[in-house]
Each structure stands twice: as structure tokens, then as C-alpha cells.
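Colleague: Given the structure of chain X, go ahead and fit chain H onto it with the hints provided.
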Amino acid sequence: DQQVKQNSPSLSVQEGRISILNCDYTNSMFDYFLWYKKYPAEGPTFLISISSIKDKNEDGRFTVFLNKSAKHLSLHIVPSQPGDSAVYFCAASVTGGQNFVFGPGTRLSVLP
Amino acid sequence: ETGVTQTPRHLVMGMTNKKSLKCEQHLGHNAMYWYKQSAKKPLELMFVYNFKEQTENNSVPSRFSPECPNSSHLFLHLHTLQPEDSALYLCASSQDLLVNQPQHFGDGTRLSIL
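In the order they appear, the protein sequences are chains X and H.
Each residue of the first sequence is one higher than the one before, starting from 1 at the first, in this note's numbering.
Each residue of the second sequence is one higher than the one before, starting from 1 at the first, in this note's numbering.
FYI, nobody ran anything at the bench for these hints, they're computed from the structure.
A quick note: this is a predicted structure, and the numbers were derived from the prediction, not measured.
Note that beta-carbon positions come from the ideal geometry of N, C-alpha and C, so glycine has one too.
A hint or two may mislead.
[Unchecked claim] In silico SDA-like pairs for lysine to any residue, Cα to Cα no more than 20 Å straight-line: (1) H/K40 x X/P9; (2) H/K40 x X/A41; (3) H/K41 x X/A41; (4) H/K36 x X/Q2; (5) X/K5 x H/E44; (6) H/K40 x X/Q6; (7) X/K71 x X/N57; (8) H/K36 x X/V101; (9) H/K41 x X/V87; (10) X/K71 x H/N100; (11) H/K41 x X/T45; (12) H/K41 x X/S93; (13) H/K41 x X/N57; (14) H/K41 x X/R107; (15) H/K40 x X/V87.
[Said to hold, decoys possible] Under 8 Å between C-beta atoms, here's a sample of chain H residues computed to sit facing chain X: (16) L97; (17) Q103; (18) G106.
Only chain X is shown next, with the shape it has when bound in the complex (with noise of 0.2 Å):
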């Protein structure tokens, strides 16, 4: 039973919109959730992180945004920019252990 979840395997936007992603999670323990990005052929690349105490974190274009009680964050993309098609994964732990749990990811198409 996969633990973090992103529901959504694509997603299609219009350059300049906003792009939002989604992830849940079922364990509530976790308590440090990071986003990476990656391109076809190239390792994930970190995005954005939020720790539990918060519940949002930005930075430039990207906001992340977390709802403990419903055990859901989601990453905001504005505006959206072709070079951010990429697949998106959401990854949570539990503090002080770097046992990440992954999502499946989300493929992002930004449409010119």
C-alpha cells in the first residue's frame, strides 16, 4: 500500500497559468516533505521542501503548500513556464531519518 500518493499521473497547462500538483499522504508521521523535478534521462533535481511546523514555504515561483489535518500538500507553479515540463515527485520522512517515501510523480506538460 503506497504510502505517499499523487493521484494524478499527467497534467496539462497553459504557459503563464498556474500549475498545481498534488500529493497525499497516509502516514502520519511524516513530518518533512520535499518536491523534486525530473527531466527525461537526468536524475531528480530538489525543488522546494516544508517541514511540519510550517505551512507554506516559497520560493520564487513555487510555493508548497501543507495540510497536516488532511494529510495533503500540493506545489503551485506560477507562472507556468515551458522549461517546467517534467515529471514532479512529492517525498515525505519522518524527522531526523532520511528514509524517504516516494510518489509515484506527476508529468507536467506546459503548453506553449
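Modeller: Same frame as chain X, now just chain H:
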């Protein structure tokens, strides 16, 4: 350039071959990891090393044998693999195991078992 280099990028081998995957990190990190990514599946953690000591083995079959001679290098020795072992093998590193921090990944080795 992520600071984590994996070689080879592609490997095709028969089930009776012995080969090794190599990972090198130039980030001064103390923890290194092997992951497996099969088609349409999430990344699966295989092994964790911290200061050259193995701290985690996620029930990986013995036909996969990791080796960590120092904090900068990590190997995955392969022997008598099965077709279902065909996957992308990713190496990652982080400063250590204790503090919330991201892992830095290499570009992976795409392994095909004939």
C-alpha cells in the same frame, strides 16, 4: 551538474554476468543511497550508507551487493540478475542522516537484463 556522478549511464547484461555500478559524489556528504526505479513505480530505497557504514537494507536480494569504500564512493555489485531487475538505478547523497535536508541525485544507470 548535481555533484553526484554515476557510471555507466547505460548497461546491458546477461543473467549470468557480473558487473558493477559506480557512484561518486563531490559534495562532501557523509550519507549515500541506492534507489531503484522500475517502470511506472515510485523510487524504492535499496541501501543507505552513513560514514561508510550500511545503516539500511530494504530487503534487497543478495544478488545486489553494495560497497562503500569511503564517503565519496558507492558501488553496487550485480551478479546473476533477473529480467525483473531491469530498471533505472539512482544514487543519491546527503550531508548526513540526522537533519532534515534534501538528497542530491545522480542521473542514474539504466540497466537492462537480457
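Colleague: With reference to the structure, classify each hint as holding or not holding.
Modeller: Checked hints:
1. Our distance criterion of 20 Å between C-alpha atoms is met by H/K40 and X/P9, whose separation comes to about 10 Å.
2. A threshold of 20 Å between alpha carbons decides the hint, and for H/K40 with X/A41 the separation of about 15 Å falls inside it, so the pair holds.
3. With a C-alpha separation of about 16 Å, the suggested pairing of H/K41 with X/A41 holds against the 20 Å cut-off.
4. At roughly 16 Å between alpha-carbon atoms, H/K36 and X/Q2 fall within 20 Å of each other, so this suggested pair holds.
5. A threshold of 20 Å between alpha carbons decides the hint, and for X/K5 with H/E44 the separation of about 14 Å falls inside it, so the pair holds.
6. A hinted pair counts as satisfied when its Cα atoms are at most 20 Å apart, and H/K40 with X/Q6 qualifies at roughly 12 Å.
7. Taken as a hint, the X/K71 and X/N57 pair is honoured in the structure, with Cα atoms around 16 Å apart against an allowance of 20 Å.
8. A threshold of 20 Å between alpha carbons decides the hint, and for H/K36 with X/V101 the separation of about 12 Å falls inside it, so the pair holds.
9. Only pairs whose Cα atoms come within 20 Å are accepted, and H/K41 paired with X/V87 is accepted, the gap being roughly 13 Å.
10. As the CA atoms of X/K71 and H/N100 are separated by approximately 19 Å, the hinted pair is consistent with the 20 Å bound.
11. For the hint linking H/K41 to X/T45, the alpha-carbon distance of about 18 Å falls within 20 Å, and the restraint holds.
12. Note on H/K41 and X/S93: the hinted pairing holds, with a Cα-Cα distance of about 18 Å set against a maximum of 20 Å.
13. Simply put, H/K41 and X/N57 have alpha-carbon atoms about 28 Å apart, too far for the 20 Å limit, and the pair is violated.
14. Between H/K41 and X/R107 the alpha-carbon distance is near 13 Å, which keeps this suggested pair within the 20 Å criterion.
15. With a C-alpha separation of about 12 Å, the suggested pairing of H/K40 with X/V87 holds against the 20 Å cut-off.
16. A least Cβ separation of about 5 Å between H/L97 and chain X falls short of the 8 Å threshold, and the interface hint therefore holds.
17. Using the Cβ-Cβ criterion of 8 Å, the hint placing H/Q103 at the interface with chain X is satisfied: the shortest such distance is roughly 7 Å.
18. The interface hint given for H/G106 holds, since its Cβ lies 5 Å from the closest Cβ of chain X, which is under the 8 Å cut-off.
In summary, the structure is inconsistent with hint 13 from the numbered list given earlier, while agreeing with all the others.
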